[in-house]
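Heads up: the sequence lines are chains A and B, in that order.
Heads up: the first sequence at position 95 corresponds to 95 in our numbering, and the numbers run straight through without jumps.
Heads up: the second sequence at position 21 corresponds to 21 in our numbering, and the numbers run straight through without jumps.
The set of hints was computed from the structure by calculation and includes no laboratory data.
Check before you lean on any hint, since a few could be wrong.
As the list claims (entries may be wrong) - List of simulated lysine to aspartate or glutamate pairs, DMTMM-like, C-alpha gap at most 25 angstroms: (1) K68(A) x E87(B); (2) K42(A) x E87(B); (3) K105(A) x D103(B).
These figures come from a predicted structure and were not determined experimentally.
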Amino acid sequence: KQEVTQIPAALSVPEGENLVLNCSFTDSAIYNLQWFRQDPGKGLTSLLLIQSSQREQTSGRLNASLDKSSGRSTLYIAASQPGDSATYLCAVKRGQAGTALIFGKGTTLSVSS
Amino acid sequence: GAVVSQHPSWVICKSGTSVKIECRSLDFQATTMFWYRQFPKQSLMLMATSNEGSKATYEQGVEKDKFLINHASLTLSTLTVTSAHPEDSSFYICSATSSRAQDTQYFGPGTRLTVL
Numbered sequence: 001k002q003e004v005t006q007i008p009a010a011l012s013v014p015e016g017e018n019l020v021l022n023c024s025f026t027d028s029a030i031y032n033l034q035w036f037r038q039d040p041g042k043g044l045t046s047l048l049l050i051q052s053s054q055r056e057q058t059s060g061r062l063n064a065s066l067d068k069s070s071g072r073s074t075l076y077i078a079a080s081q082p083g084d085s086a087t088y089l090c091a092v093k094r095g096q097a098g099t100a101l102i103f104g105k106g107t108t109l110s111v112s113s
Numbered sequence: 001g002a003v004v005s006q007h008p009s010w011v012i013c014k015s016g017t018s019v020k021i022e023c024r025s026l027d028f029q030a031t032t033m034f035w036y037r038q039f040p041k042q043s044l045m046l047m048a049t050s051n052e053g054s055k056a057t058y059e060q061g062v063e064k065d066k067f068l069i070n071h072a073s074l075t076l077s078t079l080t081v082t083s084a085h086p087e088d089s090s091f092y093i094c095s096a097t098s099s100r101a102q103d104t105q106y107f108g109p110g111t112r113l114t115v116l
């Protein structure tokens, strides 16, 4: 059974710092991995999607890497801002079309000004 | 871009009553819809997968007679929580995939259910 773990559970940093969020999964046979952002009481915003054949994806100040063989992914946030404060969720897709995502519990990030 | 809506965004009901939550794909046809549940400070847990025109597939531990899912059209799926109890209070989120982009799930904004 696939399990997704995110470390740390919570993180507080001052504005401007670079930071790394970690995600690990137990079964390396994934189709893709996705990072989401969730604001309190809200739905999900997709940040980055990495296919199983890819090593990394970048969008603005965000960079996500994937090491499928070791079951790990990292989300790197450069020059953090207070607006980055949210919960970041990592999710893996079990298979191709029509299969659901398996989520980690998330890392709650707080960026202070 | 693809948009998924949910209605209502929040609902409060009395214990023992039934509540229906709607999930709609606004600008695409959703061949598959997923229902997730999220308890406070927990992750999203898949409840069921529903394909248009067929019965939903429920995850282990999810009571299909309590959580009724109907996916009658390519743009609408409904989740009915029957005989709701306080422990059913949670954040329910749906997602949908289109036939053209089956790798991508589009998430709705979620429905907050509180059972008194």
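Q. Is the straight-line distance between the alpha-carbon of K105(A) and that of D103(B) 25 angstroms or less?
A. At roughly 22 angstroms apart (the allowed maximum being 25 angstroms), D103(B) and K105(A) satisfy the hint.
Q | Given hint E87(B) paired with K68(A) - CA-CA distance at most 25 angstroms | A | Not satisfied, since the Cα-Cα distance of roughly 37 angstroms exceeds 25 angstroms.
(Q) K42(A) and E87(B) were given as a pair; does the straight-line alpha-carbon distance stay at or below 25 angstroms? (A) holds, 20 angstroms
Of the numbered hints listed earlier, the single one contradicted by the structure is hint 1.
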